[in-house]
Amino acid sequence: MTSGSFHLKTLASAAVAALLLQALPASAQETNATEPATAPAADAAAPAATPAATPPTAPAPAFTATANVGLFTQYVFRGLTQTNEKPALQGGFDVSHESGLYAGVWGSNISWISDATPGASASLEADLYGGYKYAVTDTITTDIGFLHYAYPGDMPAGSTSANTNEVYVGVDAKWISLRYSYSLGDTFGAANTRGTSYTDLTLSHDLFAGISGVAHIGRQAYTGSNSGNLSYTDWKLGVSRDFSGYVVGAFYTDTTAKNAGYFVDGKNLGRSHVVLSVSHTM
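Under numbering that gives the first Met the number 0, the first residue of the sequence shown is numbered 0, with each subsequent residue one higher.
Think of the hints as simulated: they come from the structure by calculation, not from any bench. We put the beta carbon where it would ideally sit given N, CA and C, even for glycine. Be aware that one or more of the hints could be misleading.
Claimed, not checked - Calculated pairs, DMTMM-like style, for lysine to aspartate or glutamate (alpha carbon to alpha carbon, straight line, at most 20 Å): (1) K173 with D142; (2) K235 with D114; (3) K132 with D142.
Said to hold, decoys possible - If you anchor each label on the Cβ, the simulated ranges turn out as follows: (4) T136 with N191: 35 to 43 Å; (5) F242 with W174: 15 to 23 Å; (6) W174 with V247: 43 to 51 Å; (7) G223 with G244: 40 to 48 Å; (8) G106 with T53: 22 to 30 Å; (9) S160 with F207: 43 to 51 Å; (10) L206 with P155: 44 to 52 Å; (11) P155 with A59: 25 to 33 Å; (12) G209 with S122: 32 to 40 Å; (13) T63 with V135: 19 to 27 Å; (14) Y133 with V277: 19 to 27 Å; (15) V238 with G106: 19 to 27 Å; (16) T53 with F92: 12 to 20 Å.
Turn these sequences into a full structure, and let the hints guide you.
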């Protein structure tokens with residue numbers, strides 16, 4: 000090989016090497032270069048997503064409505080049986096406002112009027128009431144209201160209507176309840192008894208295993224010429240338990256009502272009674 004041809008080949012090889020070197024990317028040319036300290040912008044962490052706004056909580060309704068129904072082995076009111084120891088079906092409907100105002104209606108079958116008054120056909124008690132409750136503290140609530148006891152049906156001429164109107168005031172403090180009721184006219188068929196009162200003291204407390212206990216004492220104080228014979232004291236002891244919204248109860252009651260006016264068919268309406276019940280509030 001001549002020196003001239005060797006020289007030409009050397010120049011050609013150098014030219015090819017230069018062209019290849021220009022065609023390679025810069026990263027291939029700098030294989031020993033240090034890697035960048037930060038990742039490319041495209042690989043940077045995405046900013047945290049803004050949490051979705053929580054929908055506003057709906058305000059509590061201004062009005063609350065409830066209904067209740069109960070079956071009792073008998074209806075005892077202020078210590079006196081109203082159904083002559085026969086079963087009673089009872090129910091009511093209440094509406095209350097967030098301001099403390101409330102109203103309701105309640106009803107039960109009865110027999111005491113027709114049992115005691117020949118010719119009377121009243122077999123229903125329908126109560127209408129309304130009032131205002133005020134929370135003094137978290138544990139003390141006052142209550143004032145009006146209650147109308149209605150006994151629709153026929154009464155013999157000359158007899159005094161059993162319909163009764165009462166105003167009442169009460170206070171509840173945890174497990175103690177005190178209430179005073181005042182009659183505005185004739186009281187449960189007794190004429191000229193305006194001002195008759197009933198004082199009710201009730202203690203209620205949870206006992207054990209979901210069982211609640213109640214103890215009550217009341218005083219029915221009549222006015223008028225026969226007040227001494229008609230006035231009496233009653234008391235009650237009972238227990239109840241809630242089974243998934245159905246309350247099963249039992250209580251014992253007795254009175255000092257020994258006057259002949261409280262006897263029907265030879266039976267004292269105020270004698271001792273045991274009452275069983277099941278009720279439900281919706």
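These are the hints, each one checked on the structure:
1. K173 with D142: 14 Å, holds
2. K235 with D114: 24 Å, violated
3. K132 with D142: 4 Å, holds
4. T136 with N191: 35 to 43 Å: Cβ of T136 to Cβ of N191: about 42 Å, so the range 35 to 43 Å holds.
5. F242 with W174: 15 to 23 Å: With Cβ atoms ~22 Å apart, the hint holds.
6. W174 with V247: 43 to 51 Å: 20 Å, violated
7. G223 with G244: 40 to 48 Å: 44 Å, holds
8. G106 with T53: 22 to 30 Å: 45 Å, violated
9. S160 with F207: 43 to 51 Å: 46 Å, holds
10. L206 with P155: 44 to 52 Å: Cβ of L206 to Cβ of P155: about 48 Å, so the range 44 to 52 Å holds.
11. P155 with A59: 25 to 33 Å: 51 Å, violated
12. G209 with S122: 32 to 40 Å: Since G209 and S122 have Cβ atoms about 36 Å apart, the given range 32 to 40 Å holds.
13. T63 with V135: 19 to 27 Å: 20 Å, holds
14. Y133 with V277: 19 to 27 Å: Given range 19 to 27 Å: violated, Cβ gap about 33 Å.
15. V238 with G106: 19 to 27 Å: 26 Å, holds
16. T53 with F92: 12 to 20 Å: Check failed, 36 Å falls outside 12 to 20 Å.
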